[in-house]
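Residue numbers (the numbering used here), protein chains in the order written: chain E, 1 to 471; chain V, 472 to 953.
Hints are not guaranteed to be accurate.
Which residues of chain V face chain E? A few of them, derived with a C-beta cut under 7 Å, are [what the hints assert, rightly or not]:
1. 610
2. 796
3. 800
Calculated cross-link-like contacts (lysine to aspartate or glutamate; reagent style DMTMM-like; alpha-carbon spacing at most 20 Å) [what the hints assert, rightly or not]:
4. E:187 / E:234
5. E:187 / E:434
6. V:787 / E:214
7. E:267 / V:492
Derived from the structure by calculation, the hints contain no laboratory data. Because the structure is a prediction, the values reported are computed rather than measured. Yeah, the Cβ is synthetic: ideal placement off N, Cα and C, and Gly gets one too.
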Amino acid sequence: MSSMDLSAPSFAVVGRPNKGKSSIVATLARDDSVHIAAAAGSTRHARRFPMEVNDEVLYELVDTPGIQRARAVLAWLQEHCADAAQRPATVRSFVESFQGTTQFTDECEALAAITAGAGIIYVVDGSCPFGADYEAEMEILRWTGQPSLALINLIENDAFVAQWTSGLGQYFQTVRTFDAHRAQHRKQLDLLELFGHLAPEWQQPLQRAVQVLEQDRYQQHASAAFKISELLVEGLTYTAEQRVPDGLPSATVQKMLYAQYQRHLKKSEQNCRRYVEELFYYTALQKTEAGMHFDEEDLFHQEHWYLWGLSKRQLIVAAASAGGIAGGGAGVVLDAATGGLSGGLGTLVSGIGGAVASARSAWKRSADIAQLKVSGIPTGGQRLSYGPSQNINFPFVLLGRAMQHHRSIALRTHAVRDTLHLGEPALDWLSDKERRSLAGLFSNVRKGNKSLEQRSVLEAMISQWCAAVDE
Amino acid sequence: MKTRGGLPQLTEILQLAQHIENDQVLPLRQLSQRDHRLGENCHAANDSDRLLYWLRAMEVQNGTSSEASRAAQFRMPDGSVLFAMRVLAALLGALGMAGVLLASGRGLVNVLVFLAIFVVLQLLLCLVSAALLLFAARGYTSPISPLNPLQWLLPRIGRESADKNVFLARVLSQFPTLLRLLLLRYGQELGALFTLGAITSFFVVLGFSDFTFVWGSTFNISDQLLNSTIQFMAMPWSGWIPAALPAPEVVEASRYHQAVTDLGQADIPSMRRWWPFLITAMTFYALLPRLLLWGLSCQLYRRQVRQAFVTYPGAKLVLARMQAPVVRTQASAAADLSADQAAHIGLDKGLVLIDWAAALNGLAASRFDGLASVPSENIYPAGLDSPLVDDSCRHAVEKYRPERLLIAVKSWEPPMLDLADFLQGFASRPPCTLVLIPLPEKQVNEHQLQEWRLFAQESSIHDLDVSPLKLMSNAVNPLGNT
């Protein structure tokens, strides 16, 4: 359970309804559970978003309901305040007077956090013009005496940013523009660092928070790379296979295997995506994407198996080996009987003879061997398999899709509620050298050559590309 | 928990793979919290030891903490099988030597056969092993052939479950070098024991039987050729063990042909002078290379197994989670409540909550919907430690006489007699509710609910009902995944 640290800086995100307060909070808190609605006044209660590191709160964001009766509030404050020194106390008195009543509910929710010591993050919309009617709420915020910062949120465009910068400059020491829907990770961290500059004692915890978030981001990319490399290895090596006793029709099994192959790879890809989304704290992401095509010629393989698993070649080699050993054994006895005077000739001749005879028998009688049954279980039959993919482009397609998904997720902010559209993946960012390296890696993974080392190299490469998203 | 340093076992790699696979279905936040907690308590100096510590902790959690249970889980050969193989190798060596020495009814031993079986063949096998070792060390392993023991080992190493077999075969097939080194290591050990057995047998047979060394072949080998071969073979030791080099006269005198039916008695003692050479040759060309290869394969195996352990896909993530802080920026249910709202949560002093078998997983009851009104001082643990703790919990409840006793239980576990006994022990039979805690991201399903309802019906407590816990909208995860 989180321990609320009273000394941790707190920032109340305040402003008029529908100016993107919740979007800013959702982006900075990386929380897609924040309710963001097109209708004004969707936030009815203050909601806290503590940034916890090992249960220690480094800072806290408070999403507040919009201030809707600023003039009336200001009037009350002015009426109850004798001089400027009393202003913060008067605001506290206002909150105490109206908290729990039906009057000024939203305003009390917003101001309660500030009077409790939170810094002010005042949010306006840069695509709407500045107006004097905003001054009442800005004045109320000034009355609280708390450190403050103004954010111009670019909801639609930046048409009135200059106007706002000038107007807000009268009330706030620091004014910044911030696009909650498009802000990249670095910009988000810069903003948090800026919060730390509002009060000297907040600087250290905010700096630490930024460091932790940077590490966390690095870990997110590394974990995503692990999962993507796992998906690629699966795509390159997965085979759906089924053993069928001789005489059974194989057509149905072939269909089943194809479906199993498809289903497995699709599921692997979905798992990978779900994992990446979870890594980046997306819990309920809607997305549309083009399906993956698996149809490949010649992925069906049919071979016979003998003695519960050997291929014909293996059967012959095994028979030859067994024959060689048996013949050689007999030869050793023969040589020993002559006191070794035959010079090992017996062993050599009977070993070779045994091997040849056994291999020949296995070759000629393999069909009979397949028909053998032990305890009613056939010892031979057919092995049908589908996969692994031999198409040299397939792993590139898989990688392209995974990297595109990762990029979309990593660059998306938690304020965005639109469906994520994943189009045709492109790997044009890969250099020729990287393509060649990848082709070599894919080929080795397919063949099972030094698979762990190859996978490790692949993971490192993907990790670099994932991290490059933030550059 | 103490950190067990040292070399990871093959079964531990398999276990690591199994845990990493199992972890894939768990929420990331839960994994971060769990592994961070373990990382905080782990003081191991290197990654391998840190992973071993993590593994031990997972074992304790899953109740598979002994070597035997690990071996049983993956059906690996245990110590007794290896011991039997070692004994068998030494026995084969001893019997082989006894057979060669006692084969002739006339007590004749052909030096060439002796050398072929116990020196040349062993040396050739050592050379093959050395080549395989070299290839394995450089990461090249031939594809699995039908003669390779791995062909048979991989599908049989797991339990009967097909899924388990597939899993094991998949994991082990990623370590061809490691497995090859393991087999080579055992191969060298068994080979050395074979030769040791043969040497021992030589001296034992010598004590009970008399035999004479001769040499002869259908190939036209001259005395001179054999002499120079023997001198070449004895080069490494002829300087400091001159007795272990048969003189040319001995070689000449011990030449034998089937046609010779009677050995001159005068030559027999000189014929016996072969044995120091034969034993030294065995030691030098059969035993010593085996021991060297054994040492080398052990060293390579150790290096490889440690590398395989820490580089297993996903191990790096485990280590990173152990070292990384648990970061959270999202809203939590507790933090979501403003001070005013929190003040409005009424604490019901008539309620007592028993956290049965740590169903709450260390989280405060206030973070669960339906349990928030239980005063924190009215919460008792039971069902986890010794029965004495249960008794003291029951005693406290009896003394308090709550209006309703809540018992938080894990919904995903079946109700057990342990709990029934605990309830039976209440003399006052307090009105009671079993609060079913769901799994992360899940709700209590109908089957689980039915099971617990049946348990409630059959309980000794008359007023016992069952209430599945519903997660709050911004869900508090009962297993720590908030």
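Comparing the hints with the structure gives:
no.	hint	result
1	610	holds (5 Å)
2	796	holds (5 Å)
3	800	holds (5 Å)
4	E:187 / E:234	violated (36 Å)
5	E:187 / E:434	violated (30 Å)
6	V:787 / E:214	holds (18 Å)
7	E:267 / V:492	holds (15 Å)
Hints 4, 5, counting from the list given before, are not met by this structure.
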